[in-house]
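Peer 1: Single-letter residue listing:
2 protein chains.
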Amino acid sequence: MEEINNIEVVPCTESNYLKPFRVHYNQNGTKKSWDFMRTHDSVSVLIFNTTSHCFILVKQFRPAVYMCEWEKKKTKTSQGAEKTEEGDASESQEGQSAPAEASSSPWPPASAGVTYELCAGLVDKPDLSLEEIARQEVLEECGYDVPASKLKRITSYRSGVGVTGSKQTMFYAEVSDDNCVSAGGGEPGEGELIEVVKVPLHEAMTFAYDERIPKTMGVIFSFIWFHNNMSPKYKISTNV
Amino acid sequence: MEEINNIEVVPCTESNYLKPFRVHYNQNGTKKSWDFMRTHDSVSVLIFNTTSHCFILVKQFRPAVYMCEWEKKKTKTSQGAEKTEEGDASESQEGQSAPAEASSSPWPPASAGVTYELCAGLVDKPDLSLEEIARQEVLEECGYDVPASKLKRITSYRSGVGVTGSKQTMFYAEVSDDNCVSAGGGEPGEGELIEVVKVPLHEAMTFAYDERIPKTMGVIFSFIWFHNNMSPKYKISTNV
Numbered sequence: 001m002e003e004i005n006n007i008e009v010v011p012c013t014e015s016n017y018l019k020p021f022r023v024h025y026n027q028n029g030t031k032k033s034w035d036f037m038r039t040h041d042s043v044s045v046l047i048f049n050t051t052s053h054c055f056i057l058v059k060q061f062r063p064a065v066y067m068c069e070w071e072k073k074k075t076k077t078s079q080g081a082e083k084t085e086e087g088d089a090s091e092s093q094e095g096q097s098a099p100a101e102a103s104s105s106p107w108p109p110a111s112a113g114v115t116y117e118l119c120a121g122l123v124d125k126p127d128l129s130l131e132e133i134a135r136q137e138v139l140e141e142c143g144y145d146v147p148a149s150k151l152k153r154i155t156s157y158r159s160g161v162g163v164t165g166s167k168q169t170m171f172y173a174e175v176s177d178d179n180c181v182s183a184g185g186g187e188p189g190e191g192e193l194i195e196v197v198k199v200p201l202h203e204a205m206t207f208a209y210d211e212r213i214p215k216t217m218g219v220i221f222s223f224i225w226f227h228n229n230m231s232p233k234y235k236i237s238t239n240v
Numbered sequence: 001m002e003e004i005n006n007i008e009v010v011p012c013t014e015s016n017y018l019k020p021f022r023v024h025y026n027q028n029g030t031k032k033s034w035d036f037m038r039t040h041d042s043v044s045v046l047i048f049n050t051t052s053h054c055f056i057l058v059k060q061f062r063p064a065v066y067m068c069e070w071e072k073k074k075t076k077t078s079q080g081a082e083k084t085e086e087g088d089a090s091e092s093q094e095g096q097s098a099p100a101e102a103s104s105s106p107w108p109p110a111s112a113g114v115t116y117e118l119c120a121g122l123v124d125k126p127d128l129s130l131e132e133i134a135r136q137e138v139l140e141e142c143g144y145d146v147p148a149s150k151l152k153r154i155t156s157y158r159s160g161v162g163v164t165g166s167k168q169t170m171f172y173a174e175v176s177d178d179n180c181v182s183a184g185g186g187e188p189g190e191g192e193l194i195e196v197v198k199v200p201l202h203e204a205m206t207f208a209y210d211e212r213i214p215k216t217m218g219v220i221f222s223f224i225w226f227h228n229n230m231s232p233k234y235k236i237s238t239n240v
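Going down the list, the sequences are from chains A and B. So in full-length UniProt numbering, spot 109 of the first sequence is number 109, and the numbers just go up one at a time. So in full-length UniProt numbering, spot 1 of the second sequence is number 1, and the numbers just go up one at a time.
Simulated from the structure, these hints should not be mistaken for lab results. All values reported here derive from a predicted model rather than from experimental measurement. Do not take every clue at face value.
Where chain B lies over chain A, by a calculated footprint (3+ residues, C-beta under 8 angstroms) [unchecked claim]:
(1) 52-64
(2) 68-78
(3) 134-147
(4) 158-166
(5) 218-228
Straight-line C-alpha distance at most 30 angstroms; calculated DSBU-like pairs for lysine-lysine [said to hold, decoys possible]:
(6) K125/B / K72/A
(7) K19/A / K125/B
(8) K74/A / K31/B
(9) K152/B / K74/A
(10) K233/B / K31/A
(11) K19/B / K76/A
(12) K32/A / K74/B
(13) K150/B / K198/B
(14) K198/A / K152/A
(15) K19/A / K152/A
(16) K19/A / K198/B
(17) K198/B / K233/B
(18) K150/B / K59/B
(19) K19/B / K59/B
(20) K72/A / K19/A
(21) K32/B / K125/A
The C-beta atom is built at its ideal place from N, Cα and C for all residues, glycine as well.
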């Protein structure tokens, strides 16, 4: 799907996206502190196409996931090296500084960083309702034009309790081929490069629990939510 | 539950917990960069007590959630002020610098930062299996001693695709009152202050979808997973 190369990792001293803060506080009389980051709340949307009886997901290269996989591969490789070359212990110790390892560890294929996700976006426009923001994401990312009033709220939850504390609200949108007005794919101007993917309803539960398919919990949860709440309407039997 | 006071927020220039990196790369020939953070993978555990037919959750004060709620309250308050005091526009502009607002905006009650979560922990011990790490968390946080072999893997997914890219593996653990060896509550030495909470099985689905109860998606997903996969065993009818 993607061609990724010329990869270089550098420390990030000043970021427009990741702004750490520290909060000092007393909890039941004990002094504590916690490092956190501010981010916007978000919306996600389970999209079901009633014409083709498919779920509409987005698939994209996620640099953070890719780096995570690279790090794991690196650790495994260096552990393997230590096991097979015990006589060279001092040499493999030296190899532990990040840049040296980076140059010696081959980069995994781009597919290692690609994930399947629900259509989603940040709540960064204070004048718009959550439904309206969700509607815009469905249009931009997946190319379906549906009125905000057709978005059904599924539920909300904390998407990150440790670092960001932000909240996500999940919606359900039924679309048909008639609502499809563009190919979607996100905003290339914002660097988005999104592939729109269809998952047939009858394959959805197998897809959800197949751990070889990298995905977010939102995909799994929303597929099961649909199975429990919407499947009877579509007279489809799916195995959980 | 908690008494939180003496709250002070400061910028965080150097953190042992949040270490931003930047990766430069070429995607299909286009130069891009992405700011991310490295963190450990994690495990989470849905615990079901077969003696009391209750789920065992943890409840704790989450500074990041609290700050998120404070920020929202602040924004609402300042928007409200702008609407009612349009003549004082210049004054409310000045109030937008963070410290000034911090001092003028009252802190919400501690309960605004308390969330219900699955028992969970970081995968930070390379010599231990995921099951063994999950077993330790069940013991430390919830006080139940169950063998790792009794942990059933539910599935895995990416817990954060944007910032951390890390993976979470979810387990299911059946415990009985006989396995209860302590009150749990986490490691006070590590600053953990965790309340163990029981949710009766017959209330679980109502709990899962009650948006007034702050919780993670893991709680909702795992309750539904249990409903679909385990409820027949316990001959319990729960409404989704």
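Peer 1: Run every hint past the structure and note whether it holds.
Peer 2: Each hint tested on the structure:
{"no.": "1", "hint": "52-64", "verdict": "holds (count 4)"}
{"no.": "2", "hint": "68-78", "verdict": "holds (count 4)"}
{"no.": "3", "hint": "134-147", "verdict": "violated (count 0)"}
{"no.": "4", "hint": "158-166", "verdict": "holds (count 9)"}
{"no.": "5", "hint": "218-228", "verdict": "holds (count 8)"}
{"no.": "6", "hint": "K125/B / K72/A", "verdict": "holds (13 angstroms)"}
{"no.": "7", "hint": "K19/A / K125/B", "verdict": "holds (28 angstroms)"}
{"no.": "8", "hint": "K74/A / K31/B", "verdict": "holds (24 angstroms)"}
{"no.": "9", "hint": "K152/B / K74/A", "verdict": "holds (29 angstroms)"}
{"no.": "10", "hint": "K233/B / K31/A", "verdict": "violated (46 angstroms)"}
{"no.": "11", "hint": "K19/B / K76/A", "verdict": "holds (22 angstroms)"}
{"no.": "12", "hint": "K32/A / K74/B", "verdict": "holds (23 angstroms)"}
{"no.": "13", "hint": "K150/B / K198/B", "verdict": "holds (20 angstroms)"}
{"no.": "14", "hint": "K198/A / K152/A", "verdict": "holds (20 angstroms)"}
{"no.": "15", "hint": "K19/A / K152/A", "verdict": "violated (33 angstroms)"}
{"no.": "16", "hint": "K19/A / K198/B", "verdict": "violated (36 angstroms)"}
{"no.": "17", "hint": "K198/B / K233/B", "verdict": "holds (20 angstroms)"}
{"no.": "18", "hint": "K150/B / K59/B", "verdict": "holds (24 angstroms)"}
{"no.": "19", "hint": "K19/B / K59/B", "verdict": "holds (27 angstroms)"}
{"no.": "20", "hint": "K72/A / K19/A", "verdict": "holds (26 angstroms)"}
{"no.": "21", "hint": "K32/B / K125/A", "verdict": "holds (25 angstroms)"}
Of the numbered hints stated above, those contradicted by the structure are hints 3, 10, 15 and 16, listed in ascending order.
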